[in-house]
Structure formats: C-alpha cells, structure tokens
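There are 2 protein chains.
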Amino acid sequence: MTSTLPPEIAHSVSYADVAAAANRLSGVANRTPVMTSRTVSDRTQCQVFFKCENFQRTGSFKFRGAYNALSQLTPEQKQQGVITYSSGNHAQGIALAGQVLGIPTTIVMPRDAPLVKQEATRGYGADVILYDRAESRREELCQQLSQERGLTIIPPYDHPHVVAGQGTTAKELIDEVGELDFLFVCCGGGGLLSGCAIATRTLSPNCQIIGVEPAAADDAAQSFHTKTLHTIHNPETIADGARTPSLGKLTFPLVLHYVDDIVTVSDEALLRTMAFLWERLKLVVEPTGALATTALLEKIVTPPPGSRVGIVITGGNVDLRRLSQFFV
Amino acid sequence: MTSTLPPEIAHSVSYADVAAAANRLSGVANRTPVMTSRTVSDRTQCQVFFKCENFQRTGSFKFRGAYNALSQLTPEQKQQGVITYSSGNHAQGIALAGQVLGIPTTIVMPRDAPLVKQEATRGYGADVILYDRAESRREELCQQLSQERGLTIIPPYDHPHVVAGQGTTAKELIDEVGELDFLFVCCGGGGLLSGCAIATRTLSPNCQIIGVEPAAADDAAQSFHTKTLHTIHNPETIADGARTPSLGKLTFPLVLHYVDDIVTVSDEALLRTMAFLWERLKLVVEPTGALATTALLEKIVTPPPGSRVGIVITGGNVDLRRLSQFFV
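Chains as they are written, first to last, in my numbering: chain A, 2 to 329; chain B, 2 to 329.
Extracted from the complex, chain A is given alone in its bound form:
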C-alpha cells in the first residue's frame, strides 16, 4: 500500500488479502477453466479469455468469498455458526462452505424463492428459514436471529473477506493467461468487481477494468459517475444476481478507486448474448453470468483490435423448467 491511497481504501482490502484468500481456497475451490472461442475472436478481433465460474462449486463464484470469510472466523464463532440472507448463489456458497468447514449455517430466504434453490441450499446442510416478503425485511430478520442465536452474519458482498475471496477469480485468470488489456466483470453489490479490480491492479497494472450492469439496475453506474451512492430498489431485470439495491459501504469506495468504468446493457442484449453462449460456446450460463460478455459482444465497449480481453462468466444456476422465458 502506498501513501497516496485514501485511508478508507488503504485499510480495507489489499492485494495481499486476495493472495492469502487464494492460498486458503487452494484445493478446496475449483480452479475453473479458461475457455476461448474462435467465433468470439473473429467477431471482436481480440484475444478473449472466458473465466468460467459457472464450473465453480455450487455453480457460481460465490463459494470463493463465502469460504474465505468462514475459514477466518474464531473457534467460538465457528462453533456458534453463521447466518446470511440470500435467495441466490450466496446462499449456496455459504451453505457449502459451512459443510466443508463443519460450521452450522442458517439462511434466511423469501418464501417464494424457487423450490430448486431452497432444496439445493438444504442439500448442503443449511438450516433454511423462510419469511414473507410482505411482512418482514430480510436484513432485520437476519439481525434478530443473529442476536437471539449468537450467529455471525456473513453479508453477500459488503465484507472484506468476501471481497478478497471473490478477487481470487481475477488472480487465477491472470496467473493462467498473463496480463490483460481489458477485464469485464458484472456488478451487483460490487464484491466481485472490487475484489477482481484489486487483484488486477497489481497483476496487470495497465488493464482497463470495466464493470457491467443491467440498464434497469444501473445504480452502480450512476454512483460511479456521480461519485454519490445511488440506490434502486427491486429493479426489473432478468439478471437476478444484479438486482442488489446499491453498492456497499465497503465496496463503493473500492469500486471508485480501482475500476475504470461501469457500463450498462439492456435485457434484450443480455438475452441475445446468453443464447450465443449456450448455442455456440455450449456453456450453461445464467443471465447475470452473461452481463460481462454482453458489453463486449454488443460493442458497448470496443477494445482495439489485438487486445487481450478477460471476461468473468460468473455463474450457471438456472432452472431448466423455466428456460422458455429466455429462449423464444
């Protein structure tokens, strides 16, 4: 860390934290494959490397941050257990990390969360507590249960150990393929984006780091460009992993400091890209997982010919019985 860093950055998450997370995850998380595609190279005139976190354990990158956070709890905290609120990939990440480490996990989920996600989370041994969206707010319920039962809260993104864990995604990518000119990462609460940006600034200092958001949920893009935190509640987008209302207290300054730009893509473009990834690259990718690729293929950002471009494909958890909403 240099003296030019603002204090709120200098004391939060550093590259050393990402490197330490990578050591903890070694042999536990999958070292996911990096894929390339002649079709994509031809279309973009760039060398494009897809880091495929849809092949990560639990089907998304979320296991990285969850495991990194849980493995650093005190023995007392581990014995008492952890709690989080999530209807999505963070829930499964925490549940599996708890199972691997022998830590009891409790997940607060809305009663209308897809049954397949409830079952997957219970399948990893978590205690799933359902609530009615109309009656209670999940953060408050989570807080209350945490106090009553002595459980440590592990939030989905606004936590330094979660951010450092997610950053190992970019570290692995650059360790494998070498320095990049551009890195595209989707942005919900900014945990993955800021973690990857921290890793990339050290490992590939000249790389342009681009966050990608759904147009209907562009709170992070607005926050980034105005340097003031914006919030959008319950945005209408098919990218459910990016429906988070805003960047966090921790991730907002990290994103402002380390990221070069945040751009947005329409749901229509996102679905086109998702179909392309399924049909041509043969990858099962969830809508949020296709955000970064969309910014490249739809030329929202156009790297110069010959650029070396990294793309994080974040997850592949879709309900096959609901595919008709994606492919018409």
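Think of the hints as simulated: they come from the structure by calculation, not from any bench.
From the three backbone atoms N, C-alpha and C, an ideal C-beta is built for every residue, glycine too.
Any given hint could be a false lead.
Label pairs and their calculated CB-CB ranges [to be verified]: (1) R39/B <-> Q145/A: 32 to 38 angstroms; (2) D320/A <-> P8/B: 36 to 42 angstroms; (3) P8/B <-> R32/A: 45 to 51 angstroms; (4) L102/B <-> E9/A: 55 to 61 angstroms; (5) G28/B <-> D262/A: 34 to 40 angstroms; (6) T203/B <-> V302/A: 46 to 52 angstroms; (7) D176/B <-> H226/A: 50 to 56 angstroms; (8) D320/A <-> G28/B: 48 to 54 angstroms.
Below, computed lysine-lysine pairings styled on DSS-like, alpha-carbon distance capped at 30 angstroms [as the list claims (entries may be wrong)]: (9) K118/B <-> K300/B; (10) K300/B <-> K118/A; (11) K300/A <-> K118/B; (12) K300/A <-> K228/A; (13) K250/B <-> K228/B; (14) K118/A <-> K228/A.
Covered by chain B, per the in silico footprint, the following chain A stretches (three or more residues, Cβ under 8 angstroms) [claimed, not checked]: (15) 97-110; (16) 141-148.
Knowing the structure of chain A, use the given hints to seat chain B on it.
Same frame as chain A, but now just chain B:
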C-alpha cells in the same frame, strides 16, 4: 499389427492411423477440455473423466473424422470437391473441414432438416442440396450427384479415415489423464466407437470399452451380441445422432473385435442424464451426447469403486427454441 488379427481387421484401421490423424488435426481441431465433477465422483465412487467434444469446432467430434478424410484426398479430388449426406453434425464437420482446406463441399439434406442446421452448414460455405424424403433416398441422390459432378463421397462413419479421425478423441483423453479402467462411448454407425476402441486398446490395454445405444435403436447391441448385422430403420429415439440403421461394413468387424460390450439406455434415462449434465455440470449437451454418461449414472454398467472411468460427451448442438421437449 500381429498375425492373430483377422484379415478384415488387420487391413482396415490401426493405431498408427489414429496417431497420424492426431498429427494432422494438431492445431486445427480443438484439444477439448477434460472435465471432472465432485458430484459424479461421489455418486459413482469412481474417478470420472468427461472428454468434452461439445467444445469441439462445429460443436461435435465429427470435425475430427471429416478433416482427417478431406486432408488425405489427392490434389485432383480436392479440386473437384466432396459430397456427403447428413442432416446433422457430420454435415457441419465436412463443411468446416472443406472451408479450412479450401475444398468445395456439397451436402445433401432432407428438406425438413431444421433451418438452423441448414444455415450453420451454409455458414461454413457448403452447397446445401435439399431433397424430399418421400421422393428420393439420400444415398442414391448422393451417388448420382457424385458421378455427374465428379465429387468424392465422404460417408458419415464407414470410411477408414473417418474412423481414424474420430479415434483421436480417445487418444487425447488417455494422453491427458493416463490409463483408464472403463471407457464409455455412444454408438450410432460405430465410427467413433471403433476409432476410440482402436486407440484405447493400444494406449490402455486393460480398459473395458463399452458402447452405449438408445434402447429403441439397439441394432448395434443386437449385432454385437449375435455377431450378425442387424438393421433398424427410423427408430423412435430422441438421440438423433444414433438413429443410423446399422453398423457399417468397415465398422462392424472393428466393433466386434475391439469393443467389450454394447449396452442400451431408455430415452427416459437419457433425458434425466441430460438434465443432470446441464444443471449440475453446466454443459450444453445434445441427447446423443449424453448416452455414454447415462450408462454410468443409471448403473447399466457399474465399475468397481475406485475405477478410472472415461466418458465421451460427443456434441452439444441443440436448438434452444426446442428445449421444452427435453425439460418439462
């Protein structure tokens, strides 16, 4: 080749032909990834290696045999061009191989072949000739066009260069992961199965080589067990790549000589396995591509605990607009 080989085997396709094909394909075909899955390892108590030819160029292994055959034509044959009949993956394999080698290609397809396949084949520069299934037989039409236009016919499986090319799939797998105890390969016309069996007998001599067919199209299983060629026309199975009526003049003796067993799986089991491969392994796999995995996961064959098992996932070409027929 040893003197114990029957003459029809000794003079057809050998391991040396597979090795030579691998040299021709080097840098042209994708060296497809080998994937593993903790879930599959836990369920089977085996070390399972998936050779993912859905990531091959054109989306299936067929490019290997097509390129190996086309690259061995005489300069005159190359100039005149080639012709084949296929509505499926062989068409695309031939079309792309022709494009790469600068050889004109003509593909005879039924008029009711999915538009997406016609377009993909034309996209690789092939001349697509449509015919009415009711009015003509494709082999005769192909023969007639071949004579009129001086085109060399490259059949989908019953050709030594096609067999040798497909065999590079197993060679790559064993070169990468080491010797196997079991190898599961699907069987349509037997080109892939016999090619892989030839490679495996040399590289992993004690490996049990298992062919897998749809139950409704079990001509190869019947032929194998009775040692008499059986034919089934237009079988009703969702595995369209295995609807070939019978093994070929070349592939039947090869399969009899090199393969250990041929088993069958129901379409119901096949669809269960396909959903598993999409949902858990995040792989877009076509029905035929899931045949080999089905025999393992549905315990049609049960390798002893600790076995090293290879599975060929043959292709991933599905029309996303037709997915509702697979996942209900």
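Verification of the supplied hints:
A hinted range of 32 to 38 angstroms for the beta carbons of R39/B and Q145/A is consistent with their spacing of about 35 angstroms. Remark: the range hint 36 to 42 angstroms for D320/A to P8/B is contradicted by a beta-carbon distance near 56 angstroms. Checked against the hint of 45 to 51 angstroms, the pair P8/B and R32/A passes, with Cβ atoms roughly 49 angstroms apart. Under the hint 55 to 61 angstroms, the C-beta atoms of L102/B and E9/A, about 60 angstroms apart, fit the expected range.
Distance hint check for G28/B and D262/A: the Cβ-Cβ separation is about 37 angstroms, which falls inside the suggested range of 34 to 40 angstroms. Between T203/B and V302/A the beta carbon distance is about 50 angstroms. The supplied range of 46 to 52 angstroms therefore holds. For the pair D176/B and H226/A, the beta carbons lie near 51 angstroms from each other, so the given range of 50 to 56 angstroms is met. Taken as a hint, the range 48 to 54 angstroms is violated for the pair D320/A and G28/B, whose Cβ atoms sit roughly 40 angstroms apart.
Straight-line distance between C-alpha atoms of K118/B and K300/B comes to about 34 angstroms, which puts the hinted pair past the 30 angstroms bound. Between the alpha carbons of K300/B and K118/A the distance comes to roughly 27 angstroms, so the proposed pair stays at or under 30 angstroms and holds. Straight-line distance between C-alpha atoms of K300/A and K118/B comes to about 27 angstroms, which keeps the hinted pair within the 30 angstroms bound. Taken as a hint, the K300/A and K228/A pair is honoured in the structure, with Cα atoms around 25 angstroms apart against an allowance of 30 angstroms.
The straight-line distance between the Cα atoms of K250/B and K228/B is roughly 13 angstroms, inside the 30 angstroms bound, and the hint therefore holds. Taking the CA atoms of K118/A and K228/A, the gap is about 36 angstroms. The hint is violated against a cut of 30 angstroms. Residue count for the stretch 97-110 of chain A with a Cβ under 8 angstroms from a Cβ of chain B: 0. That is fewer than the three needed, and the coverage hint is violated. With 0 residues having a Cβ less than 8 angstroms from any Cβ of chain B, the stretch 141-148 of chain A misses the three-residue criterion, and the hint is violated.
Violated hints, in rising order: 2, 8, 9, 14, 15 and 16; the structure is consistent with all others.
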